[in-house]
Every structure is written in C-alpha cells, then in structure tokens.
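Residue numbers (our numbering), protein chains in the order written: chain A, 26 to 321; chain B, 24 to 356; chain C, 125 to 383.
In case anyone wonders, no lab produced these hints; they're calculated from the structure. The C-beta atom is built at its ideal place from N, Cα and C for all residues, glycine as well. Careful, some of the hints might be misleading.
[Unchecked claim] Chain A regions said to be covered by chain B (calculated; three or more residues, Cβ under 8 Å):
| no. | stretch |
| --- | --- |
| 1 | 112-120 |
| 2 | 261-275 |
| 3 | 283-291 |
[Stated by the list, open to error] To give an idea of the interface, some chain B residues facing chain C are shown, with a C-beta separation under 7 Å as derived from the structure:
| no. | residue |
| --- | --- |
| 4 | D255 |
| 5 | A258 |
| 6 | V259 |
| 7 | G264 |
| 8 | H274 |
[Unchecked claim] Below are the DMTMM-like pairs computed for lysine to aspartate or glutamate, each with C-alpha atoms no more than 25 Å apart in a straight line:
| no. | chain 1 | residue 1 | chain 2 | residue 2 |
| --- | --- | --- | --- | --- |
| 9 | C | K219 | B | E76 |
| 10 | B | K33 | A | D161 |
| 11 | C | K219 | B | D255 |
| 12 | B | K108 | B | E76 |
| 13 | C | K219 | B | E267 |
| 14 | B | K33 | A | D153 |
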Amino acid sequence: MSLAHPDAYEPASSLAARLTGAAETARALAADRSALAGMVIVTLLILAAAAAPLLAPYDPNAQDLALRLAPPGAAHWLGTDELGRDVLSRLLAGSRITLAVVALIALTVPAAGLAVGCLAGFAGGIVDAVLMRIADVFLAFPRLILALALVAAMGPGLSHALIAIALAAWPPYARLARAETMAIRERDFIAAARLSGASPARLLLLHIAPLCLPSLIVRASLDMAGVILTAAGLGFLGLGVAPPQAEWGAMIAAGRRFMLDQWWVAAAPGVAIAVATLGFNLLGEGLRDVLDPRQR
Amino acid sequence: MRAMLSLGAKAALTLFGLLLVTFLIARVVPIDPVLAVVGDRASSETYARVRAEMGLDRPVAVQFGRYVTMLAEGDLGQSALTRAKVADDIARFFPATLELATVATLIGLVLGIPAGVIAAARHNRWPDHALRLVSLFGYSVPVFWLGLMALLLFYADLGWAAGPGRLDPWLEDVVRPRSGLLLVDGVLAGNGTVVLSALRHLALPAAILGYYSLAYISRMTRSLMLEQLNQDYIAVARAKGLSETRVLWCHALGNVLVPLATVATLAYAQLLEGSVLTETVFAWPGIGRYITGSLLSLDMNAVMGGTLVVGAVFIFLNLLVEGLYGRLDPRLR
Amino acid sequence: MSALLEIEDLHVSFGTAEAVRGASFAMGRERLALVGGSGAGKSLIGRAILRLLPAGASMTAARMNFDGIDLLAAGPREMRALRGRRIGWVLQDPKFSLNPVMSVGTQVEEMLRLHRRLDRRAAREEALALLESVWLREPARVHALYPHELSGGMGQRAMIAMMLAGEPDLLIADEPSSALDAGAALQVLAVLDDLVARRGMGLLFISHDLTLVEGFCDRVMVIEAGSIVESCDAAALGEARHPYTRRLLAARPRLEAAP
Numbered sequence: 026m027s028l029a030h031p032d033a034y035e036p037a038s039s040l041a042a043r044l045t046g047a048a049e050t051a052r053a054l055a056a057d058r059s060a061l062a063g064m065v066i067v068t069l070l071i072l073a074a075a076a077a078p079l080l081a082p083y084d085p086n087a088q089d090l091a092l093r094l095a096p097p098g099a100a101h102w103l104g105t106d107e108l109g110r111d112v113l114s115r116l117l118a119g120s121r122i123t124l125a126v127v128a129l130i131a132l133t134v135p136a137a138g139l140a141v142g143c144l145a146g147f148a149g150g151i152v153d154a155v156l157m158r159i160a161d162v163f164l165a166f167p168r169l170i171l172a173l174a175l176v177a178a179m180g181p182g183l184s185h186a187l188i189a190i191a192l193a194a195w196p197p198y199a200r201l202a203r204a205e206t207m208a209i210r211e212r213d214f215i216a217a218a219r220l221s222g223a224s225p226a227r228l229l230l231l232h233i234a235p236l237c238l239p240s241l242i243v244r245a246s247l248d249m250a251g252v253i254l255t256a257a258g259l260g261f262l263g264l265g266v267a268p269p270q271a272e273w274g275a276m277i278a279a280g281r282r283f284m285l286d287q288w289w290v291a292a293a294p295g296v297a298i299a300v301a302t303l304g305f306n307l308l309g310e311g312l313r314d315v316l317d318p319r320q321r
Numbered sequence: 024m025r026a027m028l029s030l031g032a033k034a035a036l037t038l039f040g041l042l043l044v045t046f047l048i049a050r051v052v053p054i055d056p057v058l059a060v061v062g063d064r065a066s067s068e069t070y071a072r073v074r075a076e077m078g079l080d081r082p083v084a085v086q087f088g089r090y091v092t093m094l095a096e097g098d099l100g101q102s103a104l105t106r107a108k109v110a111d112d113i114a115r116f117f118p119a120t121l122e123l124a125t126v127a128t129l130i131g132l133v134l135g136i137p138a139g140v141i142a143a144a145r146h147n148r149w150p151d152h153a154l155r156l157v158s159l160f161g162y163s164v165p166v167f168w169l170g171l172m173a174l175l176l177f178y179a180d181l182g183w184a185a186g187p188g189r190l191d192p193w194l195e196d197v198v199r200p201r202s203g204l205l206l207v208d209g210v211l212a213g214n215g216t217v218v219l220s221a222l223r224h225l226a227l228p229a230a231i232l233g234y235y236s237l238a239y240i241s242r243m244t245r246s247l248m249l250e251q252l253n254q255d256y257i258a259v260a261r262a263k264g265l266s267e268t269r270v271l272w273c274h275a276l277g278n279v280l281v282p283l284a285t286v287a288t289l290a291y292a293q294l295l296e297g298s299v300l301t302e303t304v305f306a307w308p309g310i311g312r313y314i315t316g317s318l319l320s321l322d323m324n325a326v327m328g329g330t331l332v333v334g335a336v337f338i339f340l341n342l343l344v345e346g347l348y349g350r351l352d353p354r355l356r
Numbered sequence: 125m126s127a128l129l130e131i132e133d134l135h136v137s138f139g140t141a142e143a144v145r146g147a148s149f150a151m152g153r154e155r156l157a158l159v160g161g162s163g164a165g166k167s168l169i170g171r172a173i174l175r176l177l178p179a180g181a182s183m184t185a186a187r188m189n190f191d192g193i194d195l196l197a198a199g200p201r202e203m204r205a206l207r208g209r210r211i212g213w214v215l216q217d218p219k220f221s222l223n224p225v226m227s228v229g230t231q232v233e234e235m236l237r238l239h240r241r242l243d244r245r246a247a248r249e250e251a252l253a254l255l256e257s258v259w260l261r262e263p264a265r266v267h268a269l270y271p272h273e274l275s276g277g278m279g280q281r282a283m284i285a286m287m288l289a290g291e292p293d294l295l296i297a298d299e300p301s302s303a304l305d306a307g308a309a310l311q312v313l314a315v316l317d318d319l320v321a322r323r324g325m326g327l328l329f330i331s332h333d334l335t336l337v338e339g340f341c342d343r344v345m346v347i348e349a350g351s352i353v354e355s356c357d358a359a360a361l362g363e364a365r366h367p368y369t370r371r372l373l374a375a376r377p378r379l380e381a382a383p
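Only chain A is shown next, with the shape it has when bound in the complex (with noise of 0.2 Å):
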C-alpha cells in the first residue's frame, strides 16, 4: 500500500509524511486516464452545485405555463417541463441536492462506521459480537426496501431518506475498519506505543484509526455511487424531497407522463444521474487502484 520510492526523501514531520503521501497518491491517480476522467465529472458535479443560482438561466421553481412541455431549443436548452420550468436550471438545482445528500453520507456515515468497527476490533469480545451482529442485521437489510420502509413509517422528506440511506449503509465501513483494526493492534509499532503508556483510546484515535482510512476512502467513494442511485430511486417513489423542489428521481417520476411525445422532461436528469454516477464510480476504481489493490 506504502507509495514510499526506496530512496525516498526523510519527512521532517509527520504531517509532512502524510502530505507527501497525499500528494503521491493524486499524483499516481491523475496518471489513470478514467480515474481522471472521474474527478474532472466530480469536481465539475460540485462546481455546478455551488455555483447553481449563477449558472442556472432561470428559477428552477419559475412556471411559464403558455411554454410548458417545450422542445429544447435556444431560450430553453434542455426544454421545459409540465409546468412550464426550465429543465437545465432544474437539473442544477437538483444536483445541489444530489451533492448535498452524498456529502452528509460521506461526511458521517464511514465516521460512524470507522468509529463502530475500530472499537469493536480493538476491544473484542463481548463488544466485538454485540456490535458485529448489530451490523449484521443491516447488512442483512436490503438497503433500499429498509429505506423505503423506514421512510414509509416517518414519511417523505429529504431528512428520513438521508436518515434510511445512512442506516443501511454503515455496516460495511464498520466491518471493514473492524477487519483492518484487528490486523493493525498485532503490530509491534503500536505495542511500543502502548509501552511506552499511549491510552487505549490515543492509540485508537491516533495510531490504528487513520491506517484504516485508506480503505474506507476507497469504499466511500464506490458507495457514493449506489448512494446517488439510492436517493434518485426514493425520489423516483416519491418519498424524497418535497415537490415543487427539483430532485433528479422526482423529476424523472414527473417527466413518466409525458414520456411519449415530450421524452426530454425524462431524460435528461437520467443522464444526469447516470453521469454523477459514473464519475464516482471512475474515481472510486482509481483511487481503489492506487490505494487498495487487493479490493479489486
């Protein structure tokens, strides 16, 4: 896993170390002709996000009845909708959405799971087995039939199916970390730092929990692509964001009727999708490529 060249410089820190590491790491990524490909369509997905009030031509929620179910043209490149709206401006709106929902996963879900599995494969024991079997029964769970009862039971909104998404999607981190944890505590390094009086929960936080990150990122960043299809499929339910609000999946469920003669209204945020998708997915095999290999 180590990138180190065998006549590799000495960092002076270890926060050098880690730069350097970081640094390594993009460099062999951009070096993969796909993985780049991913992080140009990501970077470009966060672009749009942040910068959707100014990119897009039109109010997302603004309605021009008299030009509903228009054809892509000039004023409206990607055509209108039922109701009148611009399709683009709706499909940047909705990427702030679909971005927002992959940060708050990315941001706590492999936290959360990292958290779960460290102290389980740290401790062992009674923790391990109570902990494990916890994760098991989700993992168990099929993540979308859990999502979709979850937001049955406490009703639409983008909060529940975040809430049902992230639920189901902690237990392979925790395992993972966990795996990684249990093969890390052998190491002689950290029983030299627990000799020389590191706590438990130092050497957790600062020794054994950032060597598991390596994997976990690798792993975020595939899921991140079943998360974006997740949230459009709740969506596509209608069980995600409230309308009038533009959400791909939701748009998609609206554009169904019209699908005969006003085809776009459908398509287009399934290409968007499709592509957010495929950016992560790039990503998520390059990084794993350099990261991980032996995930392949």
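Starting from the known structure of chain A, arrange chains B and C on it as the hints suggest.
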C-alpha cells in the same frame, strides 16, 4: 456440524433483528393504525374495542411477542386497502417477482460468464475494454430510467415489446395458477399461447434487469478468472499441450464455478431488492409494486409484510452464500 | 550425443530488467543440471524453452532448437504439439501445479486422451499403470483423490506420471524435490532416475542444490544473475574455476571433520 449450527444461530439472530426493525418501524408511523381500520367517524367505544383487539393497549414487549407469534403462524395482518390478508396478497404477487428475477439472472449468467471469461483471456485488449464500458454503464445508469427509456423505444416507438403486465389481458386466468410462475403453469397446462404471451411480456423487463445482472456477473467473472490465469496450474495445463480453449473454459473456469455460484445468488438478491423500482416502471404485478402501491396508500400492514418477506428472502440468500457454498469447494471440504 | 536441445544467446527480460542474459547451451539425452540461487533466472530458462513465460516477460535468442525444430519460429499450434508430447515439465509444488478441482486420475487421463488418443476405458487403465510406475502404492485410490488430499511426495510423483504420459523426449524438472522432506525427496528422485533411464529421456534438472545434482546428473551448469558462469561434467565439479561455483561448493555442509 458446528459450522451449520453457528450459521443457523446467525440466521435466527438476523431474522430476529429484521423482525425487531420492522416492528419498530411500524410503531414509528405517525398514522394511527386504529383509525386506519375504523375510520375517523367511529365512536369511541368502537375505537377502544378495535384498539384492544389489535393489542395496542398492551406494553410494547407484549405487542412484539404477539407480533412474532402471529408471524410464526404466517399471519401478516390485514391489508387496510384490499381488506384481504396480507399473506394472501403477497403469495399472489411474489411469484411474478421471482419469475422476472429468475429469467433476468439467467440472462445475466448465460451472457455474463462467457463475457467475463473472454475479457480475462483478452486482458487489457479491446474485448476487455468493451466489457468494462458495458459494466460501468450498468453500475451508473439508474434502472428505473433505463426501463423508461427502453419502454419508450421498444414499446412506444418500435412496437416490438409487449404492453404492461405479465400477459395479454384476454389471457389472464386462462391457466390454473399452480406455481404462480406463468412459464411453468403454461407449460404444465400445455397452453402454448399463454407461454408465448408470457415470454413476450417478460422480454423487455427481463432484458433490462438482465443487463444489470450481466454487468455485475461479468465483472466478477473477469476478476475471478484473472486470479486463476496467473496460477501455476494454468501454466502447467498449457505445458501439457492442451488447447487454450480447454485451458480457459475447462481448467480455469472450473476453478471459478463455486465463487460464481455466490455471485449468481447475490445477483439474484440484488434483483429482488431492485424489483421495487422496476416493477413500478413496467407495471409488473410483483411484490415490489405491491410494496410501493401500499406505501402510497399508507397501508402499513402491507408495507411491513412485504418488507418482511423480501427481507427474509434476502437474508436467506446471503446466508446461503455464506454457508452452503463454502462446502461445495473440494478444497474446503 | 546428438543435440536434443540447442539454445544460443537466450535473453529474457521484464521490461528493461534483464533476467536471463545470453544463456547458451546444448544437451542430448543426458541429465543436465542448471544450478543457481533464487532469482538467478533458471526457472525462466525452462519456461522460455516451452514458450510459457509469465506475463510481462519477453525473450529473444539467436537460436533455440528442439530436435531440429525451430522453437523460435514455431506458431501456437506447433508449440502445442510439442508441449506434453515431446517436452514435459514438472514444477515444485503439486498443490499449486495441479488443478485443485480435478481429480489426479482425470488430469493424467487428460494427457493420455490428448496425446495417445486412448478412449476412456483404455485411458483409465493406462493412467492406473502410470501411477503404479511412479511407485504410488494404491493407484486406484490415488486416481480418485484431489491434489490437496495427497502428501507432497505423492503429489509430485503423480505430477511426474502425468507429465510422462505423453512419452516426451525431454523432461524439464524445476526444483522437483525442493518442497519435500528428505524421505519423500529421495523417493521422487529415485522415480525420476528410474523413468528417465528406462525411457532414454533427456532431463534438464533445475535446482538450487549443488550437492544434490552432483550425484544425480551427468553435467552441471551454474547460473548467476542470469548468466551461465560454469558448465562442466558433474564429476569434474571439484576442479571448477569460477568463483561463484567455488562459493557454492564451499557452502556445502560437510560431514567429515575440517582439516
């Protein structure tokens, strides 16, 4: 033996967890389930009576116990919408999902395994790259959208695919539903028209789902094959003078069959999970559509019942993968 | 002795790194040993002869002939006709060199049906006979077993039986006894000794053990870092002049007291 017991214990525990989760979810519901049954114009006596009947005045643990007992008897409650027993409804709709998932997985296997083998044999050459492209799209394009686009193209524009549902409307209930699987029932009844109609209706949804199966199965086959092709015994097989075809399809693939059984089962499980979306698009009367339909009409018993059944099958399939297949490999016996 | 195998200036490289540098030798129906440390390139020479180099390796040679056949110009079909039928190959560990999910008997019969065109019944009988000829005491039982169910020595002997089924003229044995304990190793070597002598085959014996080959082979070649540095009769090894050979000789454990 010990392995079997521990697996059984794990199955029981996971199932228990599933029941607990569904039970808890059902209790989170903001809707009053009593009201859903009696309506909001019932008297307070009727309300109290039904509430007691439904056991909602008892402590939570007792309610859970009652829930589990009911399930053990196969009673999934009553659908608020259809007034029928949820268990009966599910028994009616589940075979449709099974039939679709089976045909789609078969497509995925028949096309995906050879594709993966060829991609591995032509590692880093154009067949490999082509497969990577195909499977990348399978991992990126949302299934419900692809289904919609396919319907647009093959049904609306070209008229190749059949309409919604599993059969032409005038052929419904023509054959006796023995297994619930139309292909099987049609063959058993010797009715070729029904079989043909069922196949025509299966074609498009199975093709779409089959594509996703194919993406996954071919990718996994490729990885597994690449691992094998680096091994010594493959070099030795070539040194024996065997044709490359035999080395690839007999020796290498033979070593990959057991892991592939795992892959096939997981692919099947994935399709069951995805049925929720595809059946909505294709108006396929399966359990996925049942769950989403019930969801929209807030029929909680139906939703929970459906979730339970799909969840249980999912758990079973995953445990099958863990337990049974490990024993099929002669090396692990 | 007419040349069975002639190799001139063989180079094998992985990208820019050269693993075999200009190896040249010739052998007839004799026992020729190729001795060197790990990573010296000896296995690669064996693989190069069969044109079965690992992925990422490339080779060039001025000449590479087997019994008059130009191995360099041979196409895939010609090589396949040679492999197994005229040249056999035995590797170090039967757990990895035999197909793990096929029974031993099936793998031996595969050779018989391919190269000797026997039908199923005749193949089975001949397979049993072959297994017996390598001193496997219960051939029928071994026939039905899987490679991981055999001990190292039994597996190696099964491997030899399999590779001799095609009745090759040359056997390339790559560390055939290195993974075995002393007793099993002796048995395997005895089997090889017997069969090679009886069939009048050529044997290219690749090993890291100079003591072993000194007694077993007729001629010895020493390879260091990809180049063949010594080539002499086994009997004349004591007079070898190359420093690496002298080092290998000096490293042998000695039973007599030091002078």
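| query | Against the structure shown, which of the earlier numbered hints fail to hold, in ascending order? | reply | 1, 9
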